[in-house]
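Asks: One letter stands for each residue in the lines below.
There are 2 protein chains.
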Amino acid sequence: MTPKYPCFVHFGVTLPTTNRKLSSPMRTRHSVAWALVFLLHAAAQTPLPSWGEGPSRKAIVHFVEEVTRDNGPQFVPPAERIAVFDNDGTLWCEQPMYVQLAFALDRVKALAPGHPEWKTKAPFHAALTGDLKALASGGEHALIELVMATHAGMTTEEFNIVVKDWMATARHPKTGRLYTEMVYQPMLELLTYLREHGFKPYIVSGGGIEFMRPWSERVYGIPPEQVIGSSIKTKYELLGGKPSIVRLPELNFIDDKSGKPVGIQQYIGRRPIAAFGNSDGDFQMLEWTTSGSGARLGVLVHHDDAVREFAYDRHSSIGRLDRGLDEAPKRNWLVVSMKEDWNQIFPISK
Amino acid sequence: MTPKYPCFVHFGVTLPTTNRKLSSPMRTRHSVAWALVFLLHAAAQTPLPSWGEGPSRKAIVHFVEEVTRDNGPQFVPPAERIAVFDNDGTLWCEQPMYVQLAFALDRVKALAPGHPEWKTKAPFHAALTGDLKALASGGEHALIELVMATHAGMTTEEFNIVVKDWMATARHPKTGRLYTEMVYQPMLELLTYLREHGFKPYIVSGGGIEFMRPWSERVYGIPPEQVIGSSIKTKYELLGGKPSIVRLPELNFIDDKSGKPVGIQQYIGRRPIAAFGNSDGDFQMLEWTTSGSGARLGVLVHHDDAVREFAYDRHSSIGRLDRGLDEAPKRNWLVVSMKEDWNQIFPISK
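Each protein sequence line maps, in turn, to chains A and B.
Sequential numbering of the first sequence, starting at -15, is according to our numbering.
Sequential numbering of the second sequence, starting at -15, is according to our numbering.
In isolation and in its complexed conformation, chain A is listed as follows:
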């Protein structure tokens, strides 16, 4: 089903022949029309242009074709085409630190004058002194703790604005690009491709749910109601007579590891048929997804491109992928090599 030649071949071969007998203006107009036809044709034929012509792309396209073929043996009704995506390291870059950690560090610094006790207390001390190693060793749990403590005591609407403002200016320490430009182009294409085939994609992340919602729709096309993440407790109350939802400094839910299937059931209420992750924090999500009946797709993005992104797996404190690599073959999970399978990593700069 995938074209053998990129679209310029169609142009080169077909256009001159077809338009030989036409007058010049007509030829121009017809050329434009033909170009359009072939562009559309090419677009329809290459749904994942940043994916190389390897087995990974083939397996994904095969799965989607199988579950969407009317009356086929693997057909899945559109309502049940739920796909779940981890965020950090799967949809966007998580190195050299989780983006939410960078956000939290900036918040700690901004709020520190009012919290002298932070100077000697973990993980705040590490945050203020920039001891990333100490922070990273705590994994997503440490990050979430930091976020809980520094992001409570305001309404959800106020927090939404804080996140949006930060996202509009904060930049990746290595590339200098906005964090929302550090998303993976092949995964953006995959989201579009799945949506075009009636899938409903969800984010299922260990990151904070209200940290992702303010920009997930703009960046990924995933609306807030399709974002599942870790959360702190909230309380509804009138503040100065104004109905408000206030963020409390108390953990509500950790959406990581075994928490991911729990979060999926809690929010979606049905088992996904496709799951995409990149670390052992996604293991149970892939396990839960792929152990259902019928066609299932489990995908692990393998960070093996030190030149264009970062190379890390079994021994990384961030996004460790160890058990997943061991068990992927026998579980029929697809391991996508960023180096081999992705022609492009990040979107072209605007």
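In case anyone wonders, no lab produced these hints; they're calculated from the structure.
Check before you lean on any hint, since a few could be wrong.
Chain copies aren't distinguished; within one or between two, either way the pair holds.
Stated by the list, open to error - Calculated pairs, DSS-like style, for lysine-lysine (alpha carbon to alpha carbon, straight line, at most 27 Å): (1) Lys148 <-> Lys184; (2) Lys217 <-> Lys241; (3) Lys103 <-> Lys217; (4) Lys226 <-> Lys184; (5) Lys217 <-> Lys93; (6) Lys158 <-> Lys323; (7) Lys219 <-> Lys184; (8) Lys314 <-> Lys226; (9) Lys314 <-> Lys241; (10) Lys219 <-> Lys314.
Based on the hints, put chain B in the right spot on chain A.
Replies: Relative to chain A, chain B alone:
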């Protein structure tokens, strides 16, 4: 925008005139065609046929027209057209007891032989002896407690089957109809009408989330991921090597009163623009919804029809509506009279 005459008037007046000169078979065929045209016309013109031509229907239609009019001052993009519905007493009948209470009572009886301690312990004692007054006085909280205790210790998939099986046979004590036929016809039409105008309807109920999900799509057209309710905690684990989500006997979240805006934020992540309830348990949901900027709709269904359904409000232990009645006028909430505004209460029996 609403037609002055019901559709049979169109048939009576138009058909004989139009078909006068046609031969008999042709006339029959044309009559069918015309009938179809007028049926479609009538359907397009009367989106809420079971609603009387009173101010309630008018206010709802006006709101929907305003927020969906392109370039209008009150226009709301489709993605933000979130509508939230209470379930018990708003979408289906909650008298003489919550349906989930009837379900819980049947479960208590079925499981009682294995729990001798229930004979003397509240609320189980009341459940086993059929002391509905004692149970009802505890409100939704007592119901939820009962459900927690009797419905844990199995997987979510097992519980789904238990609920489906019960729903297929259990009948309302007064009408003898299936509970899923004890839904309000005008509200089914409202759900359809809102969906046709790009709204995404959610259930936001004090009832158990996994008690509603197995049938909400079939009965209301509301998929599991758009059902928000009270919940117990769950745990992901391997049972005999099989990935499972097990229901634990521990309360997770009460989606009632001030819990409703919290649940809405947690699951949807944006403020609804329309809210429909029937009791003071829905007060905060309506308050949160209608205190946002732009056009907003808050609706309370008033149970004032003792003949066709049940009449209760300020002094009822189930579905009490007291503060809501007092404050509806000054908050511009619509109070829908089931007696005056609804031409029909339940769907016609199949």
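Asks: Take the hints in turn and mark each one as holding or not.
Replies: Here's how the hints hold up against the structure:
In the homo-oligomer, the alpha carbons of lysine 148 and lysine 184 lie at most 27 Å apart both inside one protomer (25 Å) and across protomers (25 Å), since each shortest distance falls under that limit. In this assembly of identical chains, lysine 217 and lysine 241 lie within 27 Å of each other by CA distance both inside one copy and across copies; the values are 20 Å within and 16 Å between. In this assembly of identical chains, the alpha carbons of lysine 103 and lysine 217 lie at most 27 Å apart only when taken from the same copy (26 Å versus 37 Å across copies). In this assembly of identical chains, the alpha carbons of lysine 226 and lysine 184 lie at most 27 Å apart only when taken from different copies (26 Å versus 35 Å within one copy).
Taking the shortest alpha-carbon separations for lysine 217 and lysine 93, only the intra-copy value of 24 Å comes in at or below 27 Å, while the best inter-copy value is 36 Å. With identical chains, the CA atoms of lysine 158 and lysine 323 are at most 27 Å apart within one copy only, with a shortest distance of 19 Å there and 67 Å across copies. Proximity of lysine 219 and lysine 184 under a CA criterion of 27 Å is satisfied inter-copy only: 25 Å between copies versus 30 Å inside one chain copy. In this assembly of identical chains, the alpha carbons of lysine 314 and lysine 226 lie at most 27 Å apart only when taken from different copies (16 Å versus 56 Å within one copy).
In this assembly of identical chains, lysine 314 and lysine 241 lie within 27 Å of each other by CA distance solely inside one copy; the values are 20 Å within and 49 Å between copies. Proximity of lysine 219 and lysine 314 under a CA criterion of 27 Å is satisfied inter-copy only: 25 Å between copies versus 45 Å inside one chain copy.
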